[in-house]
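A.B. asks: Protein sequences, first through last, are from chains B and E. Under the working numbering, the first residue of the first sequence is numbered 674, with each subsequent residue one higher. Under the working numbering, the first residue of the second sequence is numbered 674, with each subsequent residue one higher.
Read the hints as simulated data drawn from the structure, not as lab findings. Any given hint could be a false lead.
Intra- or inter-copy, both count: the list cannot distinguish identical chains.
Pairs of lysine to aspartate or glutamate, DMTMM-like flavour, derived with a Cα cap of 20 Å [claimed, not checked]: (1) Lys724 / Glu750; (2) Lys883 / Glu992; (3) Lys805 / Asp978; (4) Lys1043 / Glu809; (5) Lys883 / Glu896.
Quick caveat: nothing in here was measured; it's all calculated off a predicted structure.
There are 2 protein chains.
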Amino acid sequence: MKNKEPMRIALLGLGTVGYGVYEFIRAREDLQVACAMSLVVPEDVTCPIVKDIRDIWADETIDTVVEVIGGLHPAYEWVKGSLEAGKNVITANKLLIAAHYKELVSLALEKGVALRCTAAAGGGIPWLTSLKRCAEQEPVIRISGIMNGTTNFILDTMHTTGGSFDTALAEAQRLGYAEFDPTDDLNGADIRRKLVISSNIGYGCVLDEKEVATEGIEHITGEDIAAFRSMGRVCKLIAASRKLDHSVAAYIEPALVPPSMPESAIPTNYNLISLTGEHIGKQSFYGQGAGRYPTAYNVLQDCVDVSHGIRGFYTDRLEEAHVDNSTVYRHYYVRTKGDDSWLKARTESFLPCGVITEAVSVSEIHAWAKKRRELDPDCFIASLR
Amino acid sequence: MKNKEPMRIALLGLGTVGYGVYEFIRAREDLQVACAMSLVVPEDVTCPIVKDIRDIWADETIDTVVEVIGGLHPAYEWVKGSLEAGKNVITANKLLIAAHYKELVSLALEKGVALRCTAAAGGGIPWLTSLKRCAEQEPVIRISGIMNGTTNFILDTMHTTGGSFDTALAEAQRLGYAEFDPTDDLNGADIRRKLVISSNIGYGCVLDEKEVATEGIEHITGEDIAAFRSMGRVCKLIAASRKLDHSVAAYIEPALVPPSMPESAIPTNYNLISLTGEHIGKQSFYGQGAGRYPTAYNVLQDCVDVSHGIRGFYTDRLEEAHVDNSTVYRHYYVRTKGDDSWLKARTESFLPCGVITEAVSVSEIHAWAKKRRELDPDCFIASLR
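Using the sequences provided together with the hints, build the complete structure.
C.D. replies: Rendered as structure tokens:
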């Protein structure tokens, strides 16, 4: 590590997050944006703009590449090439890290460079660094939480106003809390990536995201919310995983939480993410899960850590593990049109617009819901906590 | 820093926390309890027991002293002497650090050794390390939270059961959540120490704990709680501070929080502590604020950090600052027997057992309450959030 001389950074992307990172670094003396790549360049950006990523790879004065362009391509090629060129890489790209976890982590470890992605899960919350810190001292046995601000905003708005899903989604889009195409947020794909990255780091494993049972909130209605309110519960989209002996339970689902759980009181687009350590018990981390400055802040923290000499990934354990949700049992709220013999046999009580089941395994009911949608596309399930 | 050889630790205290630290370190190879001092020594402790602290100071093979005896004496003399002898010091002693902050921090900085006290605020929550991490990157402008497990357990029990203060306190004592003499927890002295240490680190200042306006929960009644429930609010003992231009607002008081604030859902003896950074916004940290293993865990994390070469204190800024609560305005619930002209002039509405005031300054109402207790010792106030 060079002392006194600033760490020279190539910044890939000058969009919402990228420009926030640029602003933060501009105000510092220990870090320097040596050059940037971006299709659109804000007027007051004064660093050289590079057109070809290979110029960055060939520049030996550049220590570290910060990737904040998002998406899978060309982010994958650029990050992989940067690691191969011996550069440290800092990224906020959860899509990329969840999809190519083993390959990219192995490559960083092999090359002896840093790979950091703290902003990829929890936005501006120091979640992955805290998780790593705990996992180094004692076994992490559970991870769970509200890890998607868009869905939390929509659910919170529906609970607060009593309005419809469409109205809440439109409001989220108006305020910039939901993207123009919110599919990946609503169907759980976004939060699933964050759960996979977190579980991999916490348990030292490698999960295949396609194995994670996933139910989103796209089918929830104002009537569902009214029923939950009458039960004294709040609906939240929850990611959860548990370390088992030879596998990992991991799933995404709407959950009905009682007021005694802190998750019930997480407002608007905030996140709350928890780990449970063997001795330390449950620890939770709360803050803004997205937005220019919160996300840029965690990218900056990663830059500072790397400039202080931190190398490698959060963990060097890469044991492939399968997902097994057959041992986790919960009661579920289920709303579906028409009769179903499986559901009928497991119904414990009736609500105006749905039923409450006996305790069933997560794997069984998620599989049932997937199949049920062939007959009733609007079928909705939510577990009781 | 020696590589491979374990860091040799002198452990002062083998009580609840000390024995937990001993158990954690026994299982590791990078740390070693070289010797311990304790009046009572559990049977399975196999390290040498030292009778005179000067033997530890004179032993050049000992890097680090861990102080977990608690109390002001002899902890003060032992910690000070250890720093003077060039030892790193790790302590869980909030009483000691709050009372002798400037002297001990200055001494550690002067000697170039580590002084760490992560377990002193937030028990097992990585609060002080996260606060330091944020304060290094951007100005921290607010700190607040539930930082005392005893009072949270009592208030939570009163809300949940509808029972009296005495019953809840007895239950807390039965479960080990309150000490035999709970005075410092109930009157706010304990949480005040944690707020002072946190504010000092967050803002880079030195506060005098006696200047922090402090109202505890020792006068709260079941009738108060019933009134808060009818308002849809939950009573919590809150510590709060704000960085002002040339001073710091800092106070401890019962606060009535709405269900939309995560603070409302903090159960039993848990803590929730928050910081607000200029760009990053509010970040909160939740977990067990006390107990053998959570507290020992943060002591262990400090040991690991020091073994990795971390020195000094969380901050090296020691600017003395005065407390000024005259610019923070809130509405208050006030219950007092008999007439009072000041209160009458500021009353906005009436409840069965108390009144709600117009917005008044924290400094004014805390001063009023202190004076009012000369006439009505049971007077109780709580701010509305």
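A.B. asks: First find the shortest C-alpha distance between Lys883 and Glu992 inside one copy, then the shortest across copies, and answer within, between, both or neither for a cut-off of 20 Å.
C.D. replies: Cα proximity of Lys883 and Glu992: one copy only (17 Å, versus 54 Å across).
A.B. asks: I want to check one pair: Lys805 and Asp978. Are their C-alpha atoms no more than 20 Å apart within a copy, between two copies, both, or neither?
C.D. replies: both (13 Å within a copy, 13 Å between copies)
A.B. asks: Within a copy, between copies, both or neither: where do Lys883 and Glu896 come within 20 Å Cα-Cα?
C.D. replies: neither (31 Å within a copy, 54 Å between copies)
A.B. asks: Given identical chains, is Lys1043 near Glu809, meaning Cα to Cα at most 20 Å, within a copy, between copies, both, or neither?
C.D. replies: Answer is neither; intra-copy 38 Å and inter-copy 48 Å both fail.
A.B. asks: At most 20 Å between alpha carbons: which applies to Lys724 and Glu750, within, between, both or neither?
C.D. replies: Within one copy only: 15 Å inside a chain, 63 Å across chains, cut-off 20 Å.
The earlier numbered hints that this structure contradicts are 4 and 5.
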